[in-house]
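Q: So the chains spell out like this:
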Amino acid sequence: MRLALLANVNVNSLARRLRRTHDVHVAAGFGSWVQELVCPDSPTRQFGPDVIILLLDGSVLLRGIDPCDWESAQRELDETLGWIESSASALDKCALCVSTLDVEQTRITSLKSERIERKAEHHWLDALSRLSNQFPNFFQFDLKQMIENHGRRSFYDRKLWYAGGLRFGAEAEQVIAREIERLLACIAGTRKKCLILDLDNTLWGGVVGEDGIDGIQLGDSGAAQRYKDFQQKIKDMQRTGVMLAVVSKNNWADAIEAFEKHPHMVLKPNDFVAMKIEWRSKVQCIAEIADSLNVGLDSFVFVDDSAVERESVRSALPEVVIPEFPVDTSLLPDFIGEIARDHFMIRKTTEEDLKKTRLYREEAQRAASAKFAGSLEDFLCSLQTEIRIWRATDNDTARAAQLTQKTNQFNFTTRRYSEEDMKQLIASPEHFVFIASVSDRFGDSGKTLLSIIKVTGRHQAHLDTFLMSCRVMGRHIEDQVFDHICNDLHSLGYRQMAVELMRTKKNAPAVEFVSRLDWQKEREEGDRSIWSVDLSSSKIRCPPYARLLSLP
Amino acid sequence: MEERLLAIVSEVLELPRDQVCLDLHADQVENWDSLCQLNLVSAVEHGFGVTIPIEEIDSIAVVRDFVRFIPKEAL
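Residue numbers (our numbering), protein chains in the order written: chain A, 181 to 732; chain B, 23 to 97.
Treat the hints loosely; a few may be bogus.
As the list claims (entries may be wrong) - Okay, the calculated beta carbon distance ranges per label pair: (1) B:Glu77 - A:Lys685: 53 to 59 Å; (2) B:His68 - A:Glu705: 27 to 33 Å; (3) B:Glu77 - A:Arg255: 35 to 41 Å; (4) B:His68 - A:Ala467: 52 to 58 Å; (5) B:His68 - A:Arg255: 54 to 60 Å; (6) B:Ser56 - A:Glu610: 30 to 36 Å.
The set of hints was computed from the structure by calculation and includes no laboratory data.
Positions of the beta carbon are idealized from the N, C-alpha and C atoms, including for glycine.
Could you build all of it, start to finish, from the sequences and the hints given here?
A: Shown next as structure tokens:
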């Protein structure tokens, strides 16, 4: 990632640390952040960053302001916020992350005098929240929180400040660098999808099969609270769209009874996309979950108190992330907080995320009926699938961008678009953006297909993006949607479409789709190939299993 | 103490351990600029739990110059 660091203090040392993993640009001189941010031809803007992080030191920002003069302080802050706001609206391709403010009490005042430091911090926070709601590419970087967690006295280093304008000590730099890594991972959309949990001595204290429901530790008071707090945080993660699964060596009846009857159980069976409560190897169970959910093993994080289980999964399934379980279980709530920040941080919760657990459960049920319902054709017909397709509008921007960010398998080009990009594509007269949703008798899978077509001539078009979420894979829905788009373009006067395919490590399903059709390959350079489709003679390639509705 | 000091210096300067000795001079190391000087001071302070007064920062030009700030007990 290309990262630009702007600050009102010296951040060169922090930049050195980050350069080990990223391409980092730091503005020369640390007084010039406003020009660097606002002027389109500044070195920072010319650098073409994917992300700009602006670290502002509150005490430096308000230096020179009378510590009792709130009005002047407010003016100063508002002016600064004005610069930030105007650049947030001008920067569309780049994420702008601005730090929350920490203002030290640097002046000596009387006991009765107004404490403008706290007011300033809150004023700033309110403004950042507003900007964050207003601009999809704007994010808060919670420096204040880091300082509070770490302790202010050891966060700032006086000597480095006076000797070199460096505000943060070595440990503080590590804290900031780690948080920046998390932020970048979140913006790049590389988060994990599923958290797999053990039960005994993980979700609760004790062994339910031996101690019984009344004997396990889980409750509202004393030491039992640590497990409830732990579960509560996991529930929060599930609400942000993280899928949960259980893999536990236990008697099914004992475990389910605990889930259903224990008065303090926060997580319920419905919160899990899969529950493997049995005596088989955890490696096998995890592999089966990956299979039934149709997600890669590298999307899993596995939490288990047993070092033996962790090691056996680690050696057999090295793609799964397996954090060390805390020896002192009073740290469980902090432990899961770290996991959430390291692996599951998201930019914004969408409605689709909230529905995800239900969707994946339904997927598992569908897979289960596929086992019994005779031929695949019969099964597909029995689903009573309905596809709705329409030209995307502003309402679809967030989900459309998210689909490009998250879809890896059935994706022709794996081009990632931000919300801002998507907005422009939808508004552009040179592009057609189609989006489709899929529902069947088991439920509604929501918006799961996206196609972006660029007009390249009077009769020619270029397929920039064609993708489908793995939720609806394996049902020939892509064939029907593709045919529909071809017919639609044909009726608008287009005769030929160039289909672009970029081979990646993960998009074998898309490659398979293209190669089973008899299109003509026009050219191929490395992993990129272009195929030509004659829109006038495009024909239906498989029987339509679904009812397709084209919405105006 | 010497070994620990050299390890700290090699980490901050991003130099292989065998290229760092007590007589290594700031002029011999491209990385060792004023910013690095501060990082070194900070790392030695943390590593040994000592204080190097701000007045003394400019007097450090060779790795050996750090030795006088580290008490014998830290051995």
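Q: Hint by hint, note whether the structure agrees.
A: Going down the list of hints, with the structure as the test:
1. B:Glu77 - A:Lys685: 53 to 59 Å: holds (57 Å)
2. B:His68 - A:Glu705: 27 to 33 Å: violated (52 Å)
3. B:Glu77 - A:Arg255: 35 to 41 Å: holds (39 Å)
4. B:His68 - A:Ala467: 52 to 58 Å: violated (45 Å)
5. B:His68 - A:Arg255: 54 to 60 Å: Between His68 of chain B and Arg255 of chain A, where Cβ atoms are some 40 Å apart, the hint is violated.
6. B:Ser56 - A:Glu610: 30 to 36 Å: For Glu610 of chain A against Ser56 of chain B, whose Cβ atoms are near 52 Å apart, the range 30 to 36 Å is violated.
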